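Protein chains: 4
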Amino acid sequence: MSTIQENDFILIVYQDRRYLKRLEPGKAFHGKGGILPFTSLIGLPFGVRLGEYDVYEPILEDLIMYGVKRETQIVYPKDAAMIGFKLNIRCGSRVIEVGAGSGALTLLFSRLAGPEGQVVSFEKEERHFRNAQKNLDRLGSLKNVSLHQDDVIGYEDEEFDAAFIDVREPWLHMEKVRSLLKAGGLLGTIVPTANQVSDCLRGLQVGFGDIEVMEIMLRYYKINAERLRPQDRMVAHTGYLAFARKIEEVVPPQV
Amino acid sequence: MSTIQENDFILIVYQDRRYLKRLEPGKAFHGKGGILPFTSLIGLPFGVRLGEYDVYEPILEDLIMYGVKRETQIVYPKDAAMIGFKLNIRCGSRVIEVGAGSGALTLLFSRLAGPEGQVVSFEKEERHFRNAQKNLDRLGSLKNVSLHQDDVIGYEDEEFDAAFIDVREPWLHMEKVRSLLKAGGLLGTIVPTANQVSDCLRGLQVGFGDIEVMEIMLRYYKINAERLRPQDRMVAHTGYLAFARKIEEVVPPQV
Amino acid sequence: MSTIQENDFILIVYQDRRYLKRLEPGKAFHGKGGILPFTSLIGLPFGVRLGEYDVYEPILEDLIMYGVKRETQIVYPKDAAMIGFKLNIRCGSRVIEVGAGSGALTLLFSRLAGPEGQVVSFEKEERHFRNAQKNLDRLGSLKNVSLHQDDVIGYEDEEFDAAFIDVREPWLHMEKVRSLLKAGGLLGTIVPTANQVSDCLRGLQVGFGDIEVMEIMLRYYKINAERLRPQDRMVAHTGYLAFARKIEEVVPPQV
Amino acid sequence: MSTIQENDFILIVYQDRRYLKRLEPGKAFHGKGGILPFTSLIGLPFGVRLGEYDVYEPILEDLIMYGVKRETQIVYPKDAAMIGFKLNIRCGSRVIEVGAGSGALTLLFSRLAGPEGQVVSFEKEERHFRNAQKNLDRLGSLKNVSLHQDDVIGYEDEEFDAAFIDVREPWLHMEKVRSLLKAGGLLGTIVPTANQVSDCLRGLQVGFGDIEVMEIMLRYYKINAERLRPQDRMVAHTGYLAFARKIEEVVPPQV
Chain A
1 MSTIQENDFI LIVYQDRRYL KRLEPGKAFH GKGGILPFTS LIGLPFGVRL GEYDVYEPIL
61 EDLIMYGVKR ETQIVYPKDA AMIGFKLNIR CGSRVIEVGA GSGALTLLFS RLAGPEGQVV
121 SFEKEERHFR NAQKNLDRLG SLKNVSLHQD DVIGYEDEEF DAAFIDVREP WLHMEKVRSL
181 LKAGGLLGTI VPTANQVSDC LRGLQVGFGD IEVMEIMLRY YKINAERLRP QDRMVAHTGY
241 LAFARKIEEV VPPQV
Chain B
1001 MSTIQENDFI LIVYQDRRYL KRLEPGKAFH GKGGILPFTS LIGLPFGVRL GEYDVYEPIL
1061 EDLIMYGVKR ETQIVYPKDA AMIGFKLNIR CGSRVIEVGA GSGALTLLFS RLAGPEGQVV
1121 SFEKEERHFR NAQKNLDRLG SLKNVSLHQD DVIGYEDEEF DAAFIDVREP WLHMEKVRSL
1181 LKAGGLLGTI VPTANQVSDC LRGLQVGFGD IEVMEIMLRY YKINAERLRP QDRMVAHTGY
1241 LAFARKIEEV VPPQV
Chain C
2001 MSTIQENDFI LIVYQDRRYL KRLEPGKAFH GKGGILPFTS LIGLPFGVRL GEYDVYEPIL
2061 EDLIMYGVKR ETQIVYPKDA AMIGFKLNIR CGSRVIEVGA GSGALTLLFS RLAGPEGQVV
2121 SFEKEERHFR NAQKNLDRLG SLKNVSLHQD DVIGYEDEEF DAAFIDVREP WLHMEKVRSL
2181 LKAGGLLGTI VPTANQVSDC LRGLQVGFGD IEVMEIMLRY YKINAERLRP QDRMVAHTGY
2241 LAFARKIEEV VPPQV
Chain D
3001 MSTIQENDFI LIVYQDRRYL KRLEPGKAFH GKGGILPFTS LIGLPFGVRL GEYDVYEPIL
3061 EDLIMYGVKR ETQIVYPKDA AMIGFKLNIR CGSRVIEVGA GSGALTLLFS RLAGPEGQVV
3121 SFEKEERHFR NAQKNLDRLG SLKNVSLHQD DVIGYEDEEF DAAFIDVREP WLHMEKVRSL
3181 LKAGGLLGTI VPTANQVSDC LRGLQVGFGD IEVMEIMLRY YKINAERLRP QDRMVAHTGY
3241 LAFARKIEEV VPPQV
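Protein chains in written order, with our numbering: chain A, 1 to 255; chain B, 1001 to 1255; chain C, 2001 to 2255; chain D, 3001 to 3255.
In short, the hints are calculated from the structure, not lab data. Remember, it's a predicted structure, so these values are computed and weren't measured experimentally. Some hints could be false.
Stated by the list, open to error - In silico DSSO-like cross-links for lysine-lysine, where the CA-CA straight-line distance does not exceed 30 Å:
(1) B:K1176 <-> B:K1143
(2) A:K176 <-> A:K124
(3) D:K3124 <-> C:K2182
(4) D:K3222 <-> A:K69
(5) B:K1182 <-> A:K182
(6) A:K222 <-> D:K3027
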């Protein structure tokens, strides 16, 4: 059984608030539930309740939501989960990402693809690139990721299983990204506005099939067995998700 | 570049309909877009358009949605994606499942956990057990899965990373499942009714923390750039998802 | 107490199906619950259960949903209710409607405005005009309605409290309709696509304020106390609703 | 054309904020858009833009949302609109209300029922009763309303068209309220939790038919034609609405 060690990331849950912290000895968590000295945690198993605090081993969702320092639009679990699923990312997947942003999805792809997988990510803007790199360095040694401060370039010999584009004008990158996908490879993108969805659909007309556009609404409930009801407020919108698959027209067979 | 071979599974997309087929030589797909002889596909890359048909390599979602023969309630992509994500399943995960049903989630867990992972699944009802086994056999050689026609038993020496319960009365299994989870291990369940959610919440009071209940609504859009609008109808409800983490009360440290 | 009489409209409810019928003596309702001879109902009060059938006095919603013969897109209760509310229609309201369609909203406006109110409605297409007129004639003597087969014309001396535009290109009519509204008068419209919403917003830039765009999702539940859950499927989209108020720029006061 | 007069209620809109004020001479509105002296408004038509402020004649929604001083749970437009619609309230309706709360729905019923209608409302708790009475007095001379600080009593000779119950345990009042409804009369209620819905459904088993339970989700959009998208956050839940109609079992006719 693994136990809590120095420098581990820990997730502290107090009521419905969550905090991701690195266990630096000598430091402590100060919250409404009192002071939680980190040294007292060392050697305990994960999943412990100390007074009003629960302390857990962070999962990928925790890292994305509470560990990534954001300079760009947050990616929500509802969308992250679907993106990983629709891009079919699993052990060994090779993924290309255009627009690393804060690196949250880069982290998702990296973890899902595992040590046998590969994630190539591009972030053109220097400030975002540096932040993403810092987030990736801090949250895990991700040897399967290569992050480039650049447009999508090179990698001509590679064939990627899936690609995700998360920039303002995804349609400008679709042709290039398509050329890096294997036959039948998967493409995804997320855009906040309906106008952008229309532009994406125009961009996908050439060379992509099985196009889907969707939005996901996630509603949490108050966890009271005798008074079960949804929470009062929710996220109304993050973005529209679009997915498609690379296709090649072939001369129809003699049917 | 991998090409379509005999006995491969293929996904045929015609307009917004999808069909999962095994490529048996000499056979053909008969649909509204005409006859598609399978032999004509052999040797082509995946991701090809032949007349009105698109032919793709099936992804996990396709197998779950179109390949699993169902005798039980279908699991939808919106829920499957979130279940995999919230249970943090990835290369090497060890997962326990109570209620294999038709095996759709078993397949999900197996694929996400990969060759280094392990999935132990229980299905008490003989008819469902046989159907699940058949689905798993047919859809992929999943050496990481062991399916038992039984209640949750044994495996006392194991520590699982995550567990999913998909039976009518999940609360009856929570204590046993908890004993098989590692410290801080993850639990998920899905139930169709609000009354069951209340019962699950009562069951989770002991030994679980960070409880979340949610429902996911997925709305697809018509893929028309000039007339962008949601589809007319949608799935209104599949089930309520509940997630929690195993927790142990400890004597509070001297704060 | 009023009782069921010859030629009354009646609403027959069988399980979750509803049927609006006119009580023609000698006729009968033939359904899965058996034959219900209309003569047997005469003299009974509304709100009676006969075998598996419930018979009610129709309300406005029943007339709109089950009584209006449709040649155009249906208006749903969720939208109709909000339209009446946001246009503030009540006893005495004067309402202008551009695009009567099948007359369902005309009926709504007429009923809500009551005998002291006034509804002026335009329907350019002859076929729709005739159908709307027939629906209005059949479903109630609505002396407060005048239906015109024309574009929006005349009525220069009038000042309407509210206007609703339900045509393909609402923005083409906004300026004219604005001229018929009283100062601060209310405008509403419904369009199915996001692209049309953008065009409406452009049209509303001039002369309208307090602009709101919304969509309403209505989810019904299965009425089972022990197994409470939403219905399986729902209407995902009918249209986007936009509302605004007529505004006049004035020279700012000396503040 | 009616113009703004002393003591009129006015709605001030600044960006997406709305304020309901009574025009007291000598006073002014102080907001982020500067100072708006009320005297400068007198004699202007409603629907005027002065600097960054729009000034409108309040509609019923404005009174309910911004004019009612609340001591109880707010009623939202999405629900208020549907309640008025499903209870079929219009000029001349006679309505009974159990649980006036802050009087917001009382005001709705009163306005929709008009001078020919009648609203009888009960509020047992003295503090709420006084607040409701004050709200009703302040927001309009509503001669068709009688508000009682009491349980539902008396009115034995009356027959009401519709009833709305808005208390913690609506099921306790259903039998009494039913006795005051006309044959086929309409009943509505709103409850925040799923558990209460189950109890309501049990209460409606006797003497009511055509039972419907629903929830309404309203999503507003940002009014930017070039960047059309929903607002970021929304109300996730207010309450579950239930509606039914009074029914009488009769000896089945000789079919």
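Original post:
Quick check: which numbered hints come out false for this structure?
Top reply: Hints 3, 5, 6 not satisfied by this model.
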